Amino acid sequence: MIRLFLLAATFLCTPVAARADEADLAALLDGVETLAAPGVPGPLAVCGPQALAVVAGGGGKDVREPVVAAARWGRGRVVAFGHTGYLDAKTLSGTATDTGRLMQNAVRWAAGTQGAGREVVVGALRADGLRGFLEEKGFRTVALPDLGSGERLRGVRVLCTDTARLRGAGDTDAVARFVQAGGGLVAVSLGWGWKQVTGKDLVTEHAGNRLLAPVGIAWADGYLKHTAEGGYAVGPDRLGLTHAGACLEALVADAAGTRRLTASDRRQVEHVLGRAVAALAPRDRHLLPRLDRLRKQHADALVPTAKSPLRKENALARVLLRLDVTRAGRLPAEKVRAHPAAAAFPGAVPDGAPRVRRTIAIDTAVPDWHATGLYAAPGEVVTVTVPARAAGKGLHVRIGCHNDRLWHHDVWKRVPEVCRRVAVEETVTRAANAFGGPVYLMAPRRCRLGTIEAVVAGGVEMPHYVHGQTDPAAWRRTIRQRPAPWAELAGRTAVLTVPSEYVRGLDDPGAVCAHWDRVLDACADLAARPRERDRPERYVPDVQISAGYMHSGYPIMTHLDAAPHMVDLGHLMKGDWGLYHETGHNHQSPDWTFGGTVEVTVNLFTMYVLETVCGQDPTAGHGAISDATRAKKTRAYLAHPDFERWKRDPFLGLIMYIQMEQAFGWDAFKKVFAEYRRLPRAERPRSDDAKRDQWLVRFSRTVGRDLGPFFGAWHVPVSDAARKEVADLPGWMPEGFPPSK
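Mind the numbering: the sequence shown is residues 14 to 754 in the working numbering, read in order.
Any given hint could be a false lead.
[What the hints assert, rightly or not] Beta-carbon label-pair distances, calculated as ranges:
| no. | residue 1 | residue 2 | range |
| --- | --- | --- | --- |
| 1 | THR372 | LEU692 | 23 to 31 angstroms |
| 2 | ARG691 | ARG368 | 49 to 57 angstroms |
| 3 | PHE750 | THR491 | 43 to 51 angstroms |
[What the hints assert, rightly or not] Derived EDC-like pairs (lysine to aspartate or glutamate); straight-line CA-CA distance at most 16 angstroms:
| no. | residue 1 | residue 2 |
| --- | --- | --- |
| 4 | LYS348 | ASP337 |
| 5 | LYS704 | GLU545 |
| 6 | LYS213 | GLU438 |
| 7 | LYS587 | ASP538 |
| 8 | LYS406 | GLU466 |
| 9 | LYS660 | GLU612 |
| 10 | LYS103 | ASP43 |
| 11 | LYS683 | GLU466 |
| 12 | LYS684 | GLU612 |
| 13 | LYS238 | GLU439 |
| 14 | LYS704 | GLU738 |
| 15 | LYS309 | GLU347 |
| 16 | LYS704 | ASP733 |
| 17 | LYS406 | GLU439 |
I should point out that these hints are in silico values taken from the structure, not numbers from a laboratory.
All values derive from a computational prediction rather than experimental measurement.
Glycine included, each C-beta is placed from N, C-alpha and C at the ideal position.
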C-alpha cells in the first residue's frame, strides 16, 4: 500500500538540512556528559530549520526525545528545558551530573558570547534559585519581578524564566521582540505537569508554546525515562532522528528507496513525528505544511481495517493518520467531517436515518458516562442543551464508546483513537466526531448539580434498553430495530454496548440485564462491598483493544467475537470465564493481592460467579484447574518448589486458593475481605512481605486454624513473626497434601 509514497519527495520542496550549525551544539555541550532529571521531565518537539535537539531522554520502547533544545531566532537565540526544576539551585549545583555546566553554557550561548567571557546581564524572572547559582559562577544578574510590558528587559542580554511566569500576550510579544532583536532566552517548562495542573490546552494555551511556535520548538505532553544514572547521557551521537524535520526526511527517503531505515529507526521516527503532530500549534509553518502536501496525495490510504491493517512498516502512513486524528480532535464542531475510516469502524449510519431530538434526565451524582440513547453520525453535529446552572461545572459531551487508544501497537486494525469529548461550558454545546459514536453526557465525580434535564438534538436513535424502564413490548416491536450501528442494554449494575446486529433478534433483554446484575452483585458480595455502586460497570467490544484479549477498567474491553456472547443468556449461564474474569479485576484490592497473585485472586470472583450465579462447578470452568490438571501441577511444582515459579503461573497459584475455599468456604473469604475494608490507613500493608504476612494471619484467625505450615508447604514466604502470631491455633493441612511422592 505504501508504494504510493514513492513520489513523496516531490512534495517536500523545503529541506531541513539548513538547521543550526554543529558548532552551536558543541558550544552548548562543552564539558557536559550527563544531565540531571529533576522529577519527571517531559519531552520537547523540535521541528524548525534553525532549531536543534541538545539532550535527549528516553521516550519508551527504546526511542529518544529531546529534553533540551535550542534555536536561533532572528538575531537572538533560545534554549528550552523540559522541566521547571532546571531553574532550581539544588539541581544546578549538584555534582553528580553536569547540569550546572550546561546551564552556564546555555546562558553564554543565548547571549552570543560563549567564547567571550561572562560580561552580560542575565535577567531572572522570578527565578531566584537560578539567579543565586549564576551569581556564584560570576555572572551579573538582575531579579525581575515582572516584565513591565518589556521595559524591564532594557539592559538585559539574556532572560531566564519558567514560561508559566509569562502573563498573557503582552509578555510573550515582548519576549519575542526581545529575542528577535538580539536577546537571549533560557526557558523552562513541564508540559504534562502544566496540563495536569491547569487543565488547559497545552498546544494553544501554553505561553511557551505560543512564544516558540515560530522557531519550531514546543513543550509536549508525556514523560521521559532516564538514559544514565540520575538523568540523561549527553552527546551528539545520542541525538540521531530526534528532530522531527529530519525524521520526516528520513521517512520520505525510505519510501522512495533512497535510504534504508531499520525497524528501530522506523519506530523512532514515527514516535518523534507523532509527538510533534500532537504538540505543534495549528499555525506551525515548518512541519505541518509538508505533511499536508503528503496527506492530500494519499488520503485514501489512511483507512486501517481488520482485513487491511496499517502496520509498523508503514510508518509514514501512520504519521499521516495521526495528523488526521489530531486535526479532527481540535476542530470546532461545524468544521468536522466524516473520516473515510469511520465506515469501517465504528460504522456508518444508514442512509435516510432520521435525526431526532430527545430530552433526558441526568442524575449527576452518578459519575462518568450517561447514555442519551442517541448516536452521532460521523462528522455530524449534535447539540446538547443544559440548564444555565450546569454550564462550566465539569460536564462533558462524549461521542464514542471505544475508549482504547492503540497508538503503541505495531498493527492498527482501526484508527487508533475514535472518541471525542467536549466540555460543557455554555448552556448549548455543539459537538461532532469524525468517527461518530454513541452520545453520552459525562458527569465529574462529586458533582453537586443533582438531577438535570438535557436536550440532545441531531443524533440517530440507538437500540437502547433500560431494565425496569423500557417497555419490553415496545422493544420487540420497534426499539431493537432502530437504525444506529451500536446498541446498549443497561441494567442496574452493568451496561452492555454491542453492535446492533446482536440485539435485532433479542426478545428478552431484561433477562440478560438481570443476569448481569446478579453477576455484579455476586462480585460485590465476595469483595464485601455494598451492592449499590457509584456507577454501573460498562462492557464494550472492539475490533482491537489496547492490551490483551480482554482487559478490565471503565469500560471493560473485549474483542468483537465476545459481543454476541455478552447478550446470550444461554451462553452466559454456561459460564464465560473471560468476561467474569475481567469483572473480577474491577473488584480486586491491592491489600490482599501480593506480587504474583494479580491473575490469581481475580479468579476467586470468576469461580464464585460460576458457582453462585451460573450453578456450575467452578473448577470445571477452565481446563487449567480441572481435578486432574491440579493434581499434576501440584506434584510437578512440589518436586522442585520455587516461589518465583509459583508467581509466574497464575493457575498454579490458584490451586492454593482453591484448597482454602474447599476447606473453609466462600464465607471465610468474605469475612477476611470485609476485615481488610475496615482497616485504618495506617494498618494497611505497604509491601509484598507485609501483604503475605497479613493474608496468613487474617485468614488463619478468621477460620481458627494455623495456615503457616500450609503456606510453608507451598513455599509462599511469610515472616517468623507472622507464623508465631497464629501458632496458638490448631494446625491445618488439606487432606492428602502434600501428596506422597
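> Taken at face value, is the distance from the CA of GLU612 to the CA of LYS660 at most 16 angstroms?
Replying inline: With a Cα-Cα distance of about 9 angstroms, the restraint between LYS660 and GLU612 holds, given a limit of 16 angstroms.
> Holds or violated: are the alpha carbons of LYS238 and GLU439 at most 16 angstroms from each other?
Replying inline: 40 angstroms, violated
> LYS406 and GLU466: Cα distance at most 16 angstroms?
Replying inline: Measuring from Cα to Cα gives roughly 15 angstroms; hence the hint holds.
> If you draw a straight line from the CA of LYS683 to the CA of GLU466, is it 16 angstroms or shorter?
Replying inline: Measuring from Cα to Cα gives roughly 40 angstroms; hence the hint is violated.
> When you check the alpha-carbon spacing of LYS348 and ASP337, does it fall within 16 angstroms?
Replying inline: 13 angstroms, holds
> Between LYS406 and GLU439, does the CA-CA distance stay at or below 16 angstroms?
Replying inline: It holds: about 10 angstroms lies between the C-alpha atoms, which stays within 16 angstroms.
>> So if I understand the rule, the pair passes when the alpha-carbon distance is 16 angstroms or less; does LYS103 with ASP43 pass?
In response: 21 angstroms, violated
> Does 23 to 31 angstroms hold as the CB distance between THR372 and LEU692, or does it fail?
Replying inline: For LEU692 against THR372, whose Cβ atoms are near 46 angstroms apart, the range 23 to 31 angstroms is violated.
> Is LYS587 within 16 angstroms of ASP538, Cα to Cα?
Replying inline: Not OK: LYS587 and ASP538 at ~21 angstroms, beyond 16 angstroms, violated.
> Are LYS704 and ASP733 close enough, with their CA atoms no more than 16 angstroms apart?
Replying inline: Holds, at about 14 angstroms.
>> Just to be careful, I want the Cα atoms of LYS213 and GLU438 compared with a cutoff of 16 angstroms; is the pair within it?
In response: Roughly 13 angstroms separates the two Cα atoms, so the pair holds.
> Given the hinted pair LYS704 and GLU545, is their alpha-carbon gap at most 16 angstroms?
Replying inline: 28 angstroms, violated
In summary, the numbered hints that this structure violates are 1, 3, 5, 7, 10, 11, 12, 13 and 15.
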